[in-house]
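> Fit the two chains together into the complex; they arrive one by one in their own frames, and the hints show the way.
Line by line, the protein sequences give chains A and B.
So that you can map any letter, position 257 of the first sequence is 257 in the working numbering, and since no number is skipped, the others follow by simple counting.
So that you can map any letter, position 170 of the second sequence is 170 in the working numbering, and since no number is skipped, the others follow by simple counting.
Warning: the hint list may mix true and false statements.
[What the hints assert, rightly or not] Below are the DSS-like pairs computed for lysine-lysine, each with C-alpha atoms no more than 30 Å apart in a straight line:
1) B:Lys23 x B:Lys109
2) B:Lys3 x B:Lys109
3) A:Lys110 x B:Lys75
4) B:Lys39 x A:Lys84
5) B:Lys64 x A:Lys84
6) B:Lys57 x A:Lys54
7) A:Lys35 x A:Lys148
8) A:Lys87 x B:Lys39
9) A:Lys110 x A:Lys54
10) A:Lys29 x A:Lys54
11) B:Lys188 x A:Lys84
12) B:Lys64 x B:Lys23
13) A:Lys35 x A:Lys54
14) B:Lys3 x A:Lys110
15) B:Lys75 x A:Lys87
16) A:Lys110 x B:Lys23
Just so you know, the hints here were simulated from the structure itself, not pulled from any lab data.
Values in this document were obtained by computation on a predicted structure and should not be read as measured data.
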Amino acid sequence: MTDASPDRSPAWSALKQKRIRIIPRLDIKGQNLIKGVQLEGLRVVGDPEKFAQKYYEEGADELIYSDVVASLYGRNNLFDMVAKTAKRIFIPLTVGGGIRSVDDVEALLKCGADKISVNSAVIKRPELISEISSRFGSQCCVVEIQAKVFEKGQWMALYENGRENSDRDAIDWACEAMERGAGELLITSIDRDGSREGIDLELMSRISSITRVPIIASGGVGSPSDVCDAVDRAVVDAVAIGDLLHFGRASIREVKEHVIQNGIDVRL
Amino acid sequence: MRKVGLIDYGSGNTFSLARAVEKVGCDVLLISSPEEMSKVDRYILPGVGAFGSVMQKLENKGFKEGLISVARQGKPLLGVCVGMQVLFDVSHEFGEQEGLGVIGGEVDKIPNLDINGSQIRIPHIGWAQLTYEHGDGNSPLIGELFETINDRASFYFVHSFAALPADENISVAHTIYGGHPITGAVRKGMVFGTQFHPEKSGIAGLQLLNNFLRL
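So that you can see chain B by itself, here it is in the shape it has in the complex (with noise of 0.2 Å):
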């Protein structure tokens, strides 16, 4: 059976990621020390809260270098919400906070205006569809991470800050709210991320799920 380590750092709803793996057929391992990173060879990175505090515990725990280093040999790797903010360069939340720098880009505050200039609720609560970048069509296992997943599908986003990549092909789908594009799901080499839960996206997360632990 396939088994995925969860990065386990003290800060992430582990016990909901694992058992939605477990659901698709995938073990879990969850990984509380980077030694332990090589037991397994795709991982998981969850994140909720701050992600200046996610940063501190993912140091403090040492999981810096390990994370840098899976993500440069090519092993897939998946960020999850804050877990997924925190493979960036840089975030501006309660100050500058520097991130893995895995992908290229910053983490910023939502607006809090719509584009008509009027006020929009923060967090970003709810369940939205994505529209996905197929622009220049030649990343296949982009295709992979949603394939077989209904183009109508929803997901849940729970969130007050959003990923701006730098190099806009990073971006794999972006939502709307507020009429401002939000970054949905990203994907540089073997390293994803989605702003939004898989794991709390009924049939369609377990779906991405099962695709990213079989890519």
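Bound-form chain A, shown alone (with noise of 0.2 Å):
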């Protein structure tokens, strides 16, 4: 590692370095890959299934599911589509959406998800989130924080996909949930979901700025340069894109090929 570069906060001179993934993030319905805005007004893009095909061909460093009407145990349940993903696809996939149990959560991991996220459930019962680590490892519990802008500065830790508000403040559920053995947070701006606005970068590095664990950035990549600000100015270790990929815009080459001209190290 080279020396910390002067206008950096030395806190985490180190990370400037460090290698950043890119996550093609799939949200689904039933059998299909949907995008909303602000989780909201939901389009149909295509099937889920060939999508993760095609971003595993093209260098997606991690694949995110994400079941937005949390339909774990009903009629197009995401068991199936997770073991037929995980049996064609050789890397890390989460799997979010409905995870009410450890049990939920062992039988996610049966079907070949690597790691799991979740949010309404733990907003209900925290405890949830030391039970799944200390079970399974902090590496496989990924906390998804939906967080939405209420006054400048200040973003409240939403849930049911956005429809309720648990009325705590996103930042100190961030640390909490770190706290209670979370391995990784993933940050989803509601406000700028689907936006192409570009990442909220005072949310983002708010919260790196103050948890140890990495940081997943989520919500309003609509240029492959968003993710550059977002790893250059909040510090987050890995970005979640969703609009951008599936509707074409950029492929994930395009993508890295970009953020390694601006000095970011990707795996190519």
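In structure tokens form, the structure reads like this:
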């Protein structure tokens, strides 16, 4: 590692050189890959397994499957989709949506998920975070925080896919989730979701500066340079991308080549 | 067709490892009791979660002696992630935990400060390139585990603890995190270990598994 650049906070100097991850985020409803705007107005994009396969072949570092209607045991349940995907895709797969218990986690891991992400269930019962991480390891437990601006500089943590307000401050909740054993935090800006306006840098940097676990920033990536901003200015470890990739406005390769040209290390 | 035994003791991503092994054209036998170990002559030991709980489960299922025994007999054995860590003598995760002792050395926390004293994130999660220790050059099989794999290939790591082999010749490859060398792959005789997940490391990881299965 080289010396810290003088314009950066010394506390996080090494992260500039750290290799970051590009993670396609596939929001799923029933059998479809969908994309919304601010988690609403869902538009069908296509077959999630085909997109997953394509992203794997194009060099995605991981994949996130997020079931927006949380129908873990419903008619079109996630288990089959996860198992079929995991058979053909040899990169880490994080699965979220509808997980309520340690047994749900175990069932998903058995289908080939590598990590799970939880939001609503741990807002209702935060102890579930430590139950999951002590049973399966913290590396397996991603806590998603769906943050929405309430007033300038304040974000609240929402749940039930953005429909309910937990009355928890998103930044405080991020810290609590980490203390309880989350191995990674997936921070979703509801305001930026599907907006193509860029990552919420203030939200992400506030959280990344006070936590010690890896941060995945989600919501708002509209161009490859938005990824650079998230890494350079908010010091996140990974960026989740939906819209930009799903609608073919950029490929993973193009995103990665752009960030490399801007001095950020990624796997090509 | 070649067959590999996947030790199935209730802690590990057996699904992903089994699919990856099948992908490279090998049959998988899930081994859920030590008696079944004699049905095959090469093994993969997965492991996720805490070192102590992995060891506890291996002991409860009676695998401890069996694994030590196949290692002694020189049958190929590949430990993955915590499955590699438990090959060592001891870990300092949640107090001192005894391992299988197949490889001398210990397992300890990844430093949470980089070499400049700045904070780094733990767990270490992500894709990292390896530096190969070709030092003595007298171990041709080491080459075979990584044979035909591009020198610049990256592998997927996710861990908070790392192995520190007592004998530095045991280390096959390392990566760098926060400026610190982190053991990436080890080998002692026919006992191999990777801290990274070959089954989650795309084409390069599949190639490594293919190499192990054909040693």
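> Just to be careful, I want the Cα atoms of Lys39 (chain B) and Lys84 (chain A) compared with a cutoff of 30 Å; is the pair within it?
Holds: Lys39 (chain B) and Lys84 (chain A) sit about 29 Å apart, inside 30 Å.
> Can the restraint linking Lys29 (chain A) and Lys54 (chain A) be considered satisfied, given a maximum Cα separation of 30 Å?
It holds: about 19 Å lies between the C-alpha atoms, which stays within 30 Å.
> Within a Cα-Cα threshold of 30 Å, do Lys64 (chain B) and Lys23 (chain B) meet the stated pairing?
Holds, at about 29 Å.
> CA of Lys110 (chain A) to CA of Lys54 (chain A), is that 30 Å or under?
With Cα atoms ~24 Å apart, Lys110 (chain A) and Lys54 (chain A) stay inside 30 Å; holds.
> Under the criterion that the straight-line Cα-Cα distance not exceed 30 Å, is the pair Lys57 (chain B), Lys54 (chain A) satisfied?
violated (38 Å)
> Does the structure keep Lys35 (chain A) and Lys54 (chain A) at a Cα separation of 30 Å or less?
holds (17 Å)
> Has the given pair, Lys110 (chain A) with Lys23 (chain B), been kept, meaning a C-alpha gap of at most 30 Å?
Answer holds: Lys110 (chain A) to Lys23 (chain B) is near 18 Å, not above 30 Å.
> CA of Lys75 (chain B) to CA of Lys87 (chain A), is that 30 Å or under?
holds (28 Å)
> For a C-alpha distance cap of 30 Å, please report whether Lys110 (chain A) and Lys75 (chain B) respect it.
holds (28 Å)
> For Lys3 (chain B) and Lys110 (chain A), compute the direct alpha-carbon distance and say whether it is at most 30 Å.
Cα-Cα ~22 Å, so holds.
> Between the alpha carbons of Lys64 (chain B) and Lys84 (chain A), is the straight-line distance 30 Å or under?
violated (33 Å)
> Holds or violated: Lys87 (chain A) with Lys39 (chain B), Cα cutoff 30 Å?
holds (25 Å)
Consistency note: the structure conflicts with the earlier hints numbered 1, 2, 5, 6, 11.
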